[in-house]
Amino acid sequence: MNSTARIATIFRREFAAYFTSPLAGIFLVIYLFMSAVLTFQMGGLYERGQADLRPFFQVQPWLDLFLVPALSMRLWAEDRRTGTIELLLTLPFSVRDLVLGKFLAAWAFACVALALTAPLWITVAWLGSPDHGTILVGYIASALMAGAFLAIGAFLSAFTKNQVIAFVLSGVACFLLMVIGFPMLLDFVSGWLPRTAVEAIAAMSVMTHFESMMRGVLDGRDVLYFVSVTAAFLFLNGIVVEWKKAE
Amino acid sequence: MKELIVARGLRKSFGSFEAVRGIDLIVPAGQVLGFLGPNGAGKSTTMRMLTGFLEPTEGTVTLNGIQLADDPIAAKRTFGYLPEGAPAYGDMRVEEFLNFVARSRGYTGAEARARVDRSIERLHLEPYRRQLVETLSKGYKRRTGLAQAILHDPPILVLDEPTDGLDPNQKHEVRELIRRLGDDRAVVLSTHILEEVEAVCTRAVIISEGRVVFDGTPKALDAKAAANVTSNRLDHVFRMLTTSDIGGASRTKAASQ
Ligand SMILES: Nc1ncnc2c1ncn2[C@@H]1O[C@H](COP(=O)(O)OP(=O)(O)O)[C@@H](O)[C@H]1O
Ligand SMILES: [Mg+2]
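Residue numbers (numbering that gives the first Met the number 0), protein chains in the order written: chain X, 0 to 246; chain E, 0 to 256.
For the record, the hints were derived by calculation from the structure and aren't laboratory data. Fair warning: this is a prediction, and the values are worked out from it, not measured in the lab. All C-beta atoms, glycine included, are put in the ideal place defined by N, C-alpha and C. Check each hint, because a few of them may be wrong.
With the C-beta cut set under 7 angstroms, the calculated list includes, among others, these residues of chain X facing chain E [claimed, not checked]:
#	residue
1	M0
2	T8
3	R12
4	T19
5	L22
6	T81
7	G82
8	T83
9	L88
10	T89
11	L90
12	P91
13	G215
14	E246
Simulated DEER-style distance windows between Cβ atoms [to be verified]:
#	chain 1	residue 1	chain 2	residue 2	range
15	X	A15	E	G105	14 to 22 angstroms
16	X	N161	E	I25	25 to 33 angstroms
17	E	F13	X	L217	48 to 56 angstroms
18	X	V36	E	R112	54 to 62 angstroms
Generate coordinates for the entire structure from the input sequences, incorporating the hints supplied.
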């Protein structure tokens, strides 16, 4: 059996696991509800008299802060708590198969959640004539951002047997990766840090790249940023699994 | 007979604590090896090294001719493993869980179904096949773990306390199964029930504090008991070999030589 088939086996198991407990479903409903409410109410879709999904995308990072940890928290913590990690690691899988299978299952669930917001897109298309290219890039950016956050969440889930701890750690880590790009914080540190350092900090933040993509331009550097963060944390995830597996 | 498990010089340290201190184990096909020892002796740690869950601090493991460190995935196909406590996915039904294991072992479609059915039949799990694993009693959970381990008919079986939590009837059935499986396979099972060794094993290895203190047939183990010990003879030998209050001094001397 090749690596793709092995990853697919793990993917199927992990994706199905989201439907055996009501938890993921509850988070999904909350996510969809909040997306709609925040887009129409807070975002002022009607008041601005402009048909686009900018408000919807603006709230995505914030919604990810609770949806993503809810999806990633169980990935490793649960296997470590119940001991099934020993089963997985003694079946003919490599750690890489497990890391990728689990990550892809969580990411697929997040992408399904995102796809279920399509009625919002249809609504703005019906209300006016939005720039569909910008919206498409917005969706791609949201999916990439969720992927990066999920990789971080999966990585942190491997440190603990407790899903609640994994949830909190992931939420905090993703929040930190967001705030380091806030103008407020960057203005604050620019007083005593050299310009290049401030720019480096900004370049590390998801917000910088997410907002850049929200302008509707598919810039290779932004895509590369999300892909690199995801790959780096998945790599680290494998190392932590090996390190913590027997504890 | 073909040597299916060849473990040499296994050592495992956790920080500064050395749990396994140099164990050699060569198990040919047709042998059922009973791995005995008091709690904390290093049985599970050794089995985890045999199955590649833990990397040995020192030593090598070769399974059916494949060195575990060289090709872990190929080596992992050669054995079925029941980890301590028989971990399984609680949110799956018995047949779903076994189907997951079948897929993990590369079976699909009709072949996967046939494998799952046969495993369910061999462990008498038919009435429970649609039950969620988390709702199974301890004994049936252990049987599900065994069903998972034998699903692909591996030449090697590593079973960590396979009869723990089973009632006397279930124990009897599982021992019968293991004995049958052991006809043409290498089986290593850990236990702290001495009668189990007499009932199913062709070889007994006792470890204490990470070292082998006895390696021989169950009969030879029995013979070590003094002639005047008439009841629980094996228990007596076990205590003699693994504690310091009876005959411990001579063991320490023997081990340090
Ligand atoms: N992951 C671990 N970290 C630290 N110590 C461990 C770990 N696993 C086992 N040990 C220790 O190693 C010793 C042997 O444990 P184990 O192999 O489980 O014994 P047995 O299965 O014979 O009861 C025990 O003292 C145990 O506490
Ligand atoms: Mg044990």
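Earlier hints that do not hold, by number: Going through the list in order, the structure violates hints 5, 13, 14, 16, 18 and respects the others.
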